[in-house]
Amino acid sequence: MFFNSLVKLSIATTMALSISTLNADEFDDDGFGGEEEIKIVKQEAKKPYSLYGNIKTSTSYNTSKNEGISSLKLSTNTHLDYDINDKMKFKSTLNAYIDDKIDIKDDYDIDLNEAYIQMKLTSKIDFTIGRQIVVWGKSDNIRITDNLNPMDLTTPGMTDIKDLRLGRFMSKLDYATSNRWDISTIILHENRYSTMPQSGSEYYIPVQFPNEPSNSIDNSALAISASANLQGSDIAFYALNDWVDNKTYKTNMLGFAYNIVKGSYLFKTEAAYFDNYDSDLEDSKIDALAGIEYTGFTDTTLSFELANKNDQIQYALRATKSYINNTLDLTLLYNVYGKSLDEGGFVRAWADYDINDQFTSSVGYINYLNSKQRNYFDSIEDKDRLFASLAYNF
Amino acid sequence: MIKKLLLTIGLSTTLLMAQTARDIMQKVIDRDDGDKIITNMQMQLIDKAGHKRVRDMKTYSIDIGKDEKKLIFFLSPSDVKNTAFLTYDYNDDEKDDDQWLYLPALNKTKRIPASDKDSSFMGSDFSYFDMTKPNLNDFNFKIIKEAIVKRKWGNEDVWLIEILPKTKAISEETGYLKSVAYVKKENYMITRAKYYLRKAKRVKYMDVKKFQKIDGIDVATITTMTTKKGKRTLHKTVLIQSDVKMNQKSVTEDMFTTRTIEKGI
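From first to last, the protein sequence lines are chains A and B. Mapping to my numbering: the first sequence position 108 is 108, numbers consecutive. To get my numbering, take the position in the second sequence, counting from 1, and add 1000.
Note that these hints are calculated values from the structure, not bench results. If a hint is listed, it holds; no wrong ones were tucked in.
Below, computed lysine-lysine pairings styled on DSSO-like, alpha-carbon distance capped at 30 angstroms:
| # | chain 1 | residue 1 | chain 2 | residue 2 |
| --- | --- | --- | --- | --- |
| 1 | B | Lys1070 | A | Lys162 |
| 2 | A | Lys42 | B | Lys1048 |
| 3 | B | Lys1133 | A | Lys321 |
| 4 | A | Lys56 | A | Lys162 |
| 5 | A | Lys321 | B | Lys1081 |
| 6 | B | Lys1166 | A | Lys321 |
| 7 | B | Lys1245 | A | Lys124 |
| 8 | A | Lys39 | B | Lys1213 |
| 9 | B | Lys1168 | B | Lys1095 |
| 10 | B | Lys1228 | A | Lys321 |
| 11 | A | Lys46 | B | Lys1069 |
| 12 | B | Lys1110 | A | Lys162 |
| 13 | B | Lys1201 | B | Lys1142 |
| 14 | B | Lys1110 | A | Lys339 |
| 15 | A | Lys124 | B | Lys1095 |
| 16 | B | Lys1263 | B | Lys1069 |
| 17 | B | Lys1069 | B | Lys1178 |
| 18 | B | Lys1048 | A | Lys56 |
| 19 | B | Lys1166 | B | Lys1027 |
| 20 | A | Lys124 | A | Lys47 |
| 21 | B | Lys1070 | B | Lys1110 |
| 22 | B | Lys1081 | A | Lys162 |
| 23 | A | Lys46 | B | Lys1058 |
| 24 | B | Lys1249 | A | Lys42 |
| 25 | B | Lys1228 | A | Lys42 |
| 26 | B | Lys1168 | A | Lys262 |
| 27 | B | Lys1229 | B | Lys1210 |
| 28 | B | Lys1036 | A | Lys47 |
| 29 | A | Lys39 | B | Lys1184 |
| 30 | B | Lys1058 | A | Lys124 |
| 31 | B | Lys1052 | A | Lys321 |
| 32 | B | Lys1199 | B | Lys1048 |
| 33 | A | Lys372 | A | Lys285 |
| 34 | A | Lys120 | B | Lys1036 |
Here are some, though not all, of the chain B residues that point toward chain A, as calculated from beta-carbon distances under 8 angstroms:
| # | residue |
| --- | --- |
| 35 | Gln1042 |
| 36 | Asn1107 |
| 37 | Arg1111 |
| 38 | Ser1115 |
| 39 | Lys1209 |
Note that the Cβ used here is the ideal one computed from N, Cα and C, for glycine as well.
Please work from the sequences and hints to get the whole structure.
Laid out in structure tokens, this is it:
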């Protein structure tokens, strides 16, 4: 009885509301605007190939020595992708630069950093062959298990992340299981070491690095990984037999990486055991990392990573905030070594601004921190610099 | 006594209306919006000076029971080309959605905490929250009134439903103090919405400019989202869906993996 009354009352109320509002149209001038003509911006018809990338001019000014402009560089990062057919793709990346200011023998470089063919053999098996980049691990700033590709270390803390990893010629077979696991087996045919500052470079230190081993079958490296994306977490296991970067012997690595999301927090951990790593000091080592990323503030990412790598404590703190609909990104990266933060490192702050879809610009400052341990950072502590770039994207 | 009776009737009426609003929103969520869909999507980002940036995407989606899996590949411009986004949108309120972003510049797939809902989706006026189905248990609903929205293709009879986050934490997570959805009575589609942002008294206006019936299902093919402060437009996004194909046999569950966002389709 009471329920029936309520229903009637409700219907009556609804009818009253209807009568009062049906006569009024309050919405045309209510922030929505009028009816405008919207057109799709026509894009080029899909072609089997695409050529894209950027041409960038960049400069840096050493503020410690006031010696003027120390680098005036013209560079390109160019991609050519070609869909051979539905099951086969070719992808390549060419990096090249010429630097008018640096006084080294090779003030230019052309590097086909990636060139590989990716084949879909079955719905669950892929095969990729060629020079490629394979990233392991979950951390963003400190590499623990991410050891397949060497790095461009010619300008520490300054190299654009796109150009940081150097490709290696590999054969990679991937198998996707029916329960979310991806298994990869990789043969690394090419032995390539991280590139170090050359004589004449501001960052040069007179250390003789060994030549890379030949790319013979006997010198090939082997890698296996198993990774899964689970509900709320990701896990991966890695095994690697490879040459130690810039050394003359091989190591075996066993590692894992795991991340788990809790609300706005992403917790990351990585660990790796290496045998025969450094014959001068000890036979084995364990590198480990713990990290946390927080995305609870609007358009902001904060991340902190703490690692014990090569028996040295390393901290990395990164904060990025986007403004003006992601056209302006401000980033601060604090990367420092030593338990008491006294073994060197750098602080880099920069702003990336998208002028439009074609032009992007960047400006920033890097400050190298000296060390009480008399290490590499003492030799570059006077290399603090302002840097800027303007890129045309095509 | 009369005062008490009126109060009881008033409260009960409000409760009944709230249930009705919730029922409408449940029907909005449960409405058949198609399955195994492939779409070309264009996002036009327009700043207050009228400068336009254009992002082209290809999207794939599939329903797995009441859950939805979605893939978004960015095709242009060149600085975001091959960036890809994978989402598992769970219907279960207890589960956070899973999201991964593939960044070609890093050759790496990153997990994105799904609670990062108020951040801008790729620089647009749409937030990550706007791109996923909300958990209705997080909100209180109330029918404000019924009305007519005048369109050039005819009038739309709508309910105006006020949506209030139940807690401050939910408000902070979504970025909204409240929102008002204009739900079409004809088909339970949201044709307009106003979102009151926590940030700086801003309001976002979502407006569906074009509907199309595709395979018997109503699809919003042109939608705008405009961010305003007072009457001043700060930024606007136009989202255009074209070449919408439903019930595609080529869309299968095993596509929706991080392997696919890394290697492409």
